[in-house]
Each structure stands twice: as C-alpha cells, then as structure tokens.
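Add chain B to chain A, keeping to what the hints say.
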Amino acid sequence: MRVLVVAETNGERVSEKTLPAIAFAQQKAPDNFTILAIGNNLQGVEMLTNYGAQAVLTVNHPALAKPLAERYAPVIAHYAQQLGVDAIVATTSTFSRDVLARAAGLLDAPMLSDIITFESANGKLVAKRPIYSANLIGTFEVEGTPVVMTVRGPAWGKPEPKASQSPVQAVEAPAEVPTRSEWISLQGSSGGRPDLTQARVVVSGGRPLKDPETFEKYIGGLADVLGGAVGATRAAVDAGIAPNELQVGQTGKTVAPELYIAVAVSGSVQHLAGMKDSKVIVAINTDPEAPIFQVADYGLVADLYQVVPELIELLKNDKGA
Amino acid sequence: MKILVSVKRVPDPYAKITPNAAGTDINRDGLQMAVNPFDEIALEEAIRLKEAGKATEVVAVSIGGAECQEQLRTALAMGADRAILVQTDALLDAPSIAKILAAVFQREQPQLMLMGKQAIDMDENQVGQMLAARLNLPQATFASKITVENGSALVERETDNGIETIRVPLPAIITADLRLNQPRYVALTGIVRARSKPLETITPEQLGVSPQARVRLTHVESPPARKAGKRVSDVRELVRLLREEARVI
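Sequences listed follow chains A and B, in order.
The first sequence begins at 1 in this note's numbering and counts up by one.
The second sequence begins at 1001 in this note's numbering and counts up by one.
Isolated chain A, as found in the complex (with noise of 0.2 Å):
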C-alpha cells in the first residue's frame, strides 16, 4: 500500500498533530510513504523528516498561507493522483475533517473518519472506529482506491525516528487554485498553555465551578503547576464558563495524556468518548455516585473548593522541594 500524509498545518507552521498520521504510515506502509506539507513560508517542516518518510512534500503559494478547504483540497488531490496513493491519511482534528473530506470529493474518494485500527486483507480494507457518540464501534469495509482516511491520534501515538533523513522537496501548487473563499481572522485563546490535544497533562473543569473567573483561578491554577492544558465539559461551555475550544468530548475534542484529572466532571458518555483514552485519570468530585469514578484510576470524593488549593499548594512546595 502506498500513503500520502497530509500534514496538519495552519498555512504558517507544521504541527505536531500530524505524527500520529506519520505512525500510521509506519506501520501500515513502512517505506512506502510521502508526507505533504501546505502553506506558505511553512515552518517546522524539518519535524517532519526524522521518520522514514520517502519524502516530504512543500507546497508554497501566497494563496496557501491560510488553510482554507477549498484551497488547500485541490493540492491533495493533484498530488494524490501523481503519485498514484492508495490512501490519503491525516490525524483527526477540525482541520483534517475540513480539508480531506473536501479532497474525497475532489477525488470521489470512499472515506473513513477517526479510525483506531487498520487491517488489508484478501484485497479488502477493513477499519474499525468509533460510532453513535463513540457508545460503539464500528467495523466497516471499504472497497476501491484511493482511501481517505483520518486517524485517531490517542489510537495511533507517536511514530519511530528513523536514522535516515527525508528528501524535501519543494513542489508547485496546481496552476488553478480556487480563491472564492477569503480567510478573516482566528481568535484563540489558550493562554500560552499547551495544546489541549497534545498536552502531557490535562486539568478539566464541569459546570460546577460558576463562572470564568472561577474556572480559571480552580482549574487554570492547577493545571498551570502541572505545565498541563485546560478542558472543559460541554456544560461548562454551554454555560459560558469556558470557551468553545477548551471541550472534550464527542461533539469537541479527543484527547489521551498521561494525565487527565477530572474536576467536577460528572462522567457523561459523551465526555468519557473524549478522554477515556487517557492513562491515568483522576476525579474530583462531590459525588460518590458520579459516573467519572467508574472510570477513574484515582477518585477523591471531595469539594474542590477545598481540595483544588490543597493540591495547588502541595504540588508547588514539592518541585521547590
């Protein structure tokens, strides 16, 4: 099997969101893989040559410096057919959702989203992933080529470094770029603290915590002695507490650290479809009967009011210490 990776980017820098797609690639086409990078005067391209890839693609272009479907698409299908791939793979995120499903269209390409595993057998591909608010999953057949696919990162980790490096190389945009749609303006708001998705430790906070200023003092304070990222619950957001980004779950993000504690964070099924994944996750909470200690590693029945500063406070002494 031949892959085309597309790489994350927003038209500016690569991210490191696309390693999971590049682990995938791995294992399922070692030695048979090319990686694609969009944008313009793109940075961190050189993350992108450390595994093994036949070789990584940049396309620059003025009208790729923002990463606009209708822009971006048609670079993925051109390459896609020069190169002849039997699957288009990029990890799962708001971005690959746009921007590949617009390229399967392009291509009239059968597509697969967020899948966890992977198998080619007797002419036949078969994956499995998550449906119905991740409460199953699903095995599905696909037939004809090429593939599009997104993976799920927390399913598919970090790839291998390899010892030899990746050409680079520098390739044209397809002459005809639609512009029709104009790139206005981004308004995130994470505060200098790591990425949600990529975050080693993630603190999230329910719509028990009343209002922003709460939420951030509580959850920010304690994610912060971590070097953590801050989620939220959908409540929370609904309720304004938190902004739209910061949601984990099934209708926003899915996440998998090392660490995920849970501060009064009920456990609802569609929150544990985005963080169940995770290694080791703590919970919070007032009550004993709440769904999230089902699935908690660690569960402290308490008032986070009481015991958020107390960890705070213990957990700044011990790094002094």
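Hints listed in this document are in silico derivations from the structure and should not be mistaken for laboratory results.
One or more of the hints may lead you astray.
[What the hints assert, rightly or not] If you want a taste of the chain B side facing chain A, the calculated C-beta under 8 Å gives, among others:
| # | residue |
| --- | --- |
| 1 | Asn1027 |
| 2 | Arg1028 |
| 3 | Leu1031 |
| 4 | Arg1082 |
| 5 | Met1122 |
| 6 | Glu1158 |
| 7 | Thr1159 |
| 8 | Arg1167 |
| 9 | Leu1170 |
| 10 | Arg1179 |
| 11 | Thr1218 |
| 12 | Ser1222 |
| 13 | Val1232 |
| 14 | Val1239 |
| 15 | Ala1246 |
[Stated by the list, open to error] Which residues of chain A face chain B? A partial, calculated answer using Cβ under 10 Å:
| # | residue |
| --- | --- |
| 16 | Phe95 |
| 17 | Arg102 |
| 18 | Lys279 |
| 19 | Val280 |
| 20 | Leu314 |
Glycine included, every Cβ here is placed at the ideal spot set by N, Cα and C.
Chain B only, in chain A's frame:
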C-alpha cells in the same frame, strides 16, 4: 434567496444504543427516531434567515425509506416551506449521499445549502465537504455564527485552534456546529400547518443518479470497558500515588 437544508433520520440522541444479538447493526426494536440534532440546528438557522427577511424559501430534503417523511414533517412543522424525499432503500455511504444531494441542489438551484456538520449515528463529518467539492462551491464547516450580506456569508467556525472567521461567496455549502443556535420547539399550530405543506417524493433514478456504497458497516460492538480504580482519602495520598504508583507527575 432559496435555502436547501438536508435532514437525516437518526436514532433519538437520548436513546440507549446497543449492538443487536448478531453484532451486525444496532438493536432497533422500539428505538425512537428523530431529526439529526445538527441538521435541526441547520434548519433553525435557515428558518431564522427567512424570518429576518434574508431568505424567501426554505426547502428540506431527506434521503431514505418512506419513514423519513416523519422527519420531513417535523422540518415542515418547524417552518420549512416544502420538503423533498429522495426515496430509496439502497445502502448509501457519504459519497453516495453527496451525489444525490448534488443532483437535488442542481434541480433546486438554491443560493445556500445548510446541513449539520455530522450525523450522530455514523459521526463521519464528510457529506457537506464532499457535496461542496462535487458542486465546485465554497464551503464553511462547523459554523457557530452565520451573517448573510451582499451575496456572501461571513461564517465563524469552531476549530481546534479557536474561532476562525471566513467569508464565502454564495452559493455555498455551510455545515452547522452545536452552538450556531438553539432550535425552537415545534408548536402545535406548526404541526397542523405542516400537514398541508407540499412533500414531494422522487427517486435517485429520477434525479439521474444510481450511487453504490463502497464503505460498508459489517460489525458493531461495545467498546472495551475501563475498570474503576481506587478511592483515595485525601490530597496527600493522591499526590503520593500519582508520583510513586502511577509515576505521572
């Protein structure tokens, strides 16, 4: 301005979904069905655009068996002006749905097509983008705010990196995210009025398309359960275990 909205029939979002005994599909016995919640949000947005004087007609379209009339009647009761059912019992995947919707789009020639970002059954999040590609139209996915002005739409999109704003000239395909709006409850008068609104039934063949699914669901299972761990008595014990047992801090 005419707006086309696609409406998928899916299990009620609050229903308990389990695999059937053979593991070939979900257990559908007595399962309540509903309009896909993201499509409901798309429909609400279309109706609001009409109420604001920005749109003149809202057309709802669904694809599937005769039972999808139920969801189209809900759409009409919410405020759609008419409905189209593309009736088929064929197995369809996202590219096939996009092909059928593209044919409906070409017949109806709307200035805007709104749909949910994904359906809550298969959670694929593909059809809107595939449709936009097939029609060679601009797309704006995961919309949390839409402003229609002077032949274009200013769309705020919910991305992993924050709220991104883009402008797309119309006609365009826009997919709705959770926070675009809060759909209205269907009023009794709406249900009564919906009965007299036109609901047309056509077949894919009449639209000149005969799509075949290349992606097939063959097995359904429950995910492996994570087992509960231990309760700790205080913060000190928690920190000690995280450090010495779990070794994550």
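Results of checking the hints against the structure:
1. Asn1027: violated (11 Å)
2. Arg1028: With a minimum Cβ separation of about 12 Å from chain A (threshold 8 Å), the hint on Arg1028 of chain B is violated.
3. Leu1031: violated (11 Å)
4. Arg1082: violated (27 Å)
5. Met1122: holds (6 Å)
6. Glu1158: Hint holds; Glu1158 of chain B Cβ to chain A Cβ min 5 Å, cut 8 Å.
7. Thr1159: Status holds, d = 4 Å.
8. Arg1167: Arg1167 of chain B check passes; min Cβ-Cβ to chain A is 4 Å, inside 8 Å.
9. Leu1170: violated (10 Å)
10. Arg1179: Given a least distance of 6 Å, the restraint on Arg1179 of chain B holds.
11. Thr1218: The hint holds - Thr1218 of chain B has a Cβ within 8 Å of chain A, the shortest such distance being about 5 Å.
12. Ser1222: This interface hint holds because 6 Å falls under the 8 Å limit.
13. Val1232: The hint holds - Val1232 of chain B has a Cβ within 8 Å of chain A, the shortest such distance being about 5 Å.
14. Val1239: holds (5 Å)
15. Ala1246: For Ala1246 of chain B, the interface hint holds, since the closest Cβ of chain A sits about 5 Å away, which is under 8 Å.
16. Phe95: With Cβ-Cβ at 7 Å, under 10 Å, it holds.
17. Arg102: holds (4 Å)
18. Lys279: With a minimum Cβ separation of about 7 Å from chain B (threshold 10 Å), the hint on Lys279 of chain A holds.
19. Val280: With a minimum Cβ separation of about 5 Å from chain B (threshold 10 Å), the hint on Val280 of chain A holds.
20. Leu314: holds (5 Å)
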